[in-house]
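**Q** In order, the protein sequences belong to chains G and E. With the numbering used here, the residue at position 328 of the first sequence is 328, and numbering never jumps. With the numbering used here, the residue at position 176 of the second sequence is 176, and numbering never jumps.
Don't read these hints as lab results, they were simulated from the structure. Among the hints, a few may not be true.
The list cannot tell twin chains apart, which means a pair is met if one copy fits it or any two copies do.
Keeping only pairs whose Cα atoms sit at most 35 Å apart, straight-line, the calculated DSBU-like set for lysine-lysine is [stated by the list, open to error]:
# : residue 1 : residue 2
1 : LYS383    : LYS172
2 : LYS348    : LYS268
3 : LYS369    : LYS268
4 : LYS172    : LYS369
None of the values given here were measured: they were computed from a predicted structure.
For reference, the chains in residue letters:
Protein chains: 2
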Amino acid sequence: MLGLMQDWPLLCHKVIDHAATFHGGREIVSRSVEGPIHRTNYHDLRLSALQVAKRLDAYGIRQGDRVATLAWNTWRHMEVWYGLLGIGAIYHTVNPRLFPEQIAWIINHAEDRMVFVDLTFVPVVEKIIGELTTVEQVVVLTDADHMPDTSLPNVIDYESWKAEADSDFAWKEFDENSAAGMCYTSGTTGEPKGVVYSHRSNIIHSLAAAATDMLNASARDRIMPVVPMFHANGWSLAFSAPMTGAAMVMPGARMDGASIYDLLETEKVTMTAAVPTVWLMLLQHLEQTDANLTSLERVVIGGSACPRAMTKAFQDRYGVQVLHAWGMTEMSPLGSFCSLKPEYADLKGDALLDIQEKQGHPPFTVEMKITDDDGVELPWDGKTFGRLKVRGPAVAESYFKGAGGDILDDEGFFDTGDVSTMDKYGYMQITDRSKDVIKSGGEWISSIDLENLAVGHPDVAEAAVIGVEHPKWDERPLLVVVRKDGRETEKQAILSFMEGKIAKWWMPDDVVFVDEIPHTATGKIKKTTLRDQFKDYRLPTA
Amino acid sequence: MLGLMQDWPLLCHKVIDHAATFHGGREIVSRSVEGPIHRTNYHDLRLSALQVAKRLDAYGIRQGDRVATLAWNTWRHMEVWYGLLGIGAIYHTVNPRLFPEQIAWIINHAEDRMVFVDLTFVPVVEKIIGELTTVEQVVVLTDADHMPDTSLPNVIDYESWKAEADSDFAWKEFDENSAAGMCYTSGTTGEPKGVVYSHRSNIIHSLAAAATDMLNASARDRIMPVVPMFHANGWSLAFSAPMTGAAMVMPGARMDGASIYDLLETEKVTMTAAVPTVWLMLLQHLEQTDANLTSLERVVIGGSACPRAMTKAFQDRYGVQVLHAWGMTEMSPLGSFCSLKPEYADLKGDALLDIQEKQGHPPFTVEMKITDDDGVELPWDGKTFGRLKVRGPAVAESYFKGAGGDILDDEGFFDTGDVSTMDKYGYMQITDRSKDVIKSGGEWISSIDLENLAVGHPDVAEAAVIGVEHPKWDERPLLVVVRKDGRETEKQAILSFMEGKIAKWWMPDDVVFVDEIPHTATGKIKKTTLRDQFKDYRLPTA
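This is chain G alone, in the form it adopts within the complex (with noise of 0.2 Å):
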């Protein structure tokens, strides 16, 4: 027996007819690309994506079609979401900041039959447009004014392109698990894999993300989304602000410092959301020009682990709440957020940061468990690791063309490669990633924890730890360290400062001292060469 109810499906550009119905006259302020702040509501942002529908239409772009965007977060960004999610199109949102050989290997995988490009980043289209297969169109976001002498074939601005429609459109329906979006992860091993969420899952996961004890979205809020809408589906904010009633406050190219305070002043932002380091960079600019935050209320910070010192900062000095949170664009990608449950909501000082530290439990829809290699489920008691799995709508069950192959286990769960405990009350952290953990006699020990307590010796700049082969625990820990300039501190001198603040088998069986760690391009220890390097390395224990 089935139930009696509407059969509404769950399209993506309902979110934007909401919108515009209940909460029309909404702010969407932008810094545009080209300077100006620019200014625009619901109301006009949903004809405008009428307009590119239609315009898009009129061109051939048809359900399931591909089209890459390069851009920064901005009304015209919205407008070309919206209007390709209305007709059943697909935005591709790409990532700029990859190499330009990366970009057009994805953009060819991906088979994008246009690219809607930044100003900023038609340079990095005229390096590769020779190598694109699948492209037809390129339309930069700008007008008529601002185009640039440009060494693309045809090339159009988005302006006049747009102006070749009207609004006199009507979106599409169509079924709802149709792919919405795709977002290519950039493995540090092998190609990038697109993920390939749906209406479905985007309007499930938006949802479930907009809750009071997740973004807290409400229509008073003023968002700004200074995660980019290409990093990870734009941490759903681009549905999440508009499906809420929320102002959207957007950064455009400028995520420095000043121009990110001026935004949040001037604009009176409530809530805004970002990695770490473009809060590092706010930080040091309040701090050198002695400012105060006077509308923030609260600031999303994910993409890799928040900084117990910068949840101080925003927190005891500036009055903003952190909300850490976790997730991938695997997931779509929230999948936990740090408030608190009564248990502990009446903490204070140090006991509060200590769990403001983990990446918090996932709302209704978000299933986890910590798993051994063998996938027997670990014990929730805030210590044992494990590696972490999630299961839900709107969780990847496959990548783009079959890439990675099968990636569920038997119970249908996703492996996320991070390693992490979970508490007695359902709070997950993150210690490190399963690649990078280091496997000593099948007991596990995390890299990042021996990292963390050898960067506190005052002789040390940096440290990485690896796991090297070893004849009879099989792995055993390597500590590699960068000393600070003009320092002469030796091995032992470093374990004795370790000693007695980690279980005594955790202790690194060697360290070696080099003048240089390799990094990634975001900064982060590129372990897979440090392992390269010492992997003919010969333990003194071996």
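Given the coordinates of chain G, assemble chain E onto it according to the supplied hints.
**A** Positioned in the frame of chain G, the structure of chain E alone reads:
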């Protein structure tokens, strides 16, 4: 092209799994029907629900089978609710306040196989058991010690019945469009009609209803659903509380002011929800005992319009925020909340109360329009009123067994039977029921507006307005008045009092004085009876 996200059906029992996993220790506190306070938590409630599911399965209850409950809000009702959901059976919450013959008719129409009944309502079931054609088993929601002497055949107490199974059971999996629950509307005319919720509709509805600008439900909340689970799907609270990890405080059979106050205070309730009648009793109790509300933060008021004085008392005197809400059984049931958008957020005093008289705006997933009798959409100017129509994934498409036929318009909207305005910011305000509105020369006059105005006269105890046949205008308003004891006011005095406060053509064509106005069981004016009474009345203007 389809999205590549996991197939994770939206099933209601996943809500209790989530609550047990991430909010396991959070309490469900109930005033038992037997008297004492009972305490459990989500972890244990889930185990009990599994036990119920296993017991039902062993008995032979199958997917799609209907099972009735005649029960107050208690932990046992929640156990049965989730036990049924977890095997794909259908909770049919019957309103025990209906006449026994109506209850029998509804249970037979639904073809319920079992009845779970609270001690309070055993006499009701005894009265009708001979007429129940499909019920095989009655279970009394108590333990062996409290079983009453009863004439019911084949009856057992709940705890003994449940103890015949353990909790080693796995929920069943099925299509998310499967029926989950049933609730009959007690229409003032015609037979009751069954609304059939699906698992999908319940989940989407609860996600939308829990949002910050709607219920604003959080794990830090302690929610007391005074609204019974048998009233309009329990306003979603049996889902939205565990979904967000909020504790629940269940009032059982006692809803008088003193009992409600006692639970609000001793259990530190932060949010509660019920119809105005309940809050009238509480406010009277507070006034009589000169008491305060020390933990309550907000109260959701719906079911019928929340009087302005009630909002004022809660907010100004007791510091409790009022959330005026609207919905109906056919909408799962929540349709709108009067939370404040930025355009109204700074209002104070009377200006704020003016807005809070409105029923508010819908969450994403609820679409609204107002139309005239021909289906033409009317402007959102806050003045023009028309038939309120709604569409969405948790709005009824049809009734059980096709009762009432096709209930949607050409665009798939359901006519709520309410007449309302919409203002420019998307706030809806109910002005009348469409069958009560007076249609004068093609224009509509709100009977409720005239009634509210007339009772403002110092000599009027109660007033009702109905439309009476008129040769020129089709219908004209007749004002029916009950005078206060000993007052002698006449027609002209009342009309003079109303003059200038409404449009001229809204003025009643006549006033008649009666000793009594007929009421329904729930205290509403019975306009059908009144219209019958005056169906041959000849207006002086006719």
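**Q** Are the hints correct? Go through all of them and say.
**A** Verification of the hints:
1. Taking the shortest alpha-carbon separations for LYS383 and LYS172, only the inter-copy value of 33 Å comes in at or below 35 Å, while the best intra-copy value is 51 Å.
2. Taking the closest pair of Cα atoms, LYS348 and LYS268 come within 35 Å of each other both inside a single copy (28 Å) and across two copies (22 Å).
3. Proximity of LYS369 and LYS268 under a CA criterion of 35 Å is satisfied inter-copy only: 33 Å between copies versus 40 Å inside one chain copy.
4. For the homomeric pair LYS172 and LYS369, the shortest alpha-carbon distance between copies (21 Å) is at most 35 Å, but the shortest distance inside one copy (39 Å) is not.
Violated hints for the displayed structure: none, as all numbered hints are satisfied.
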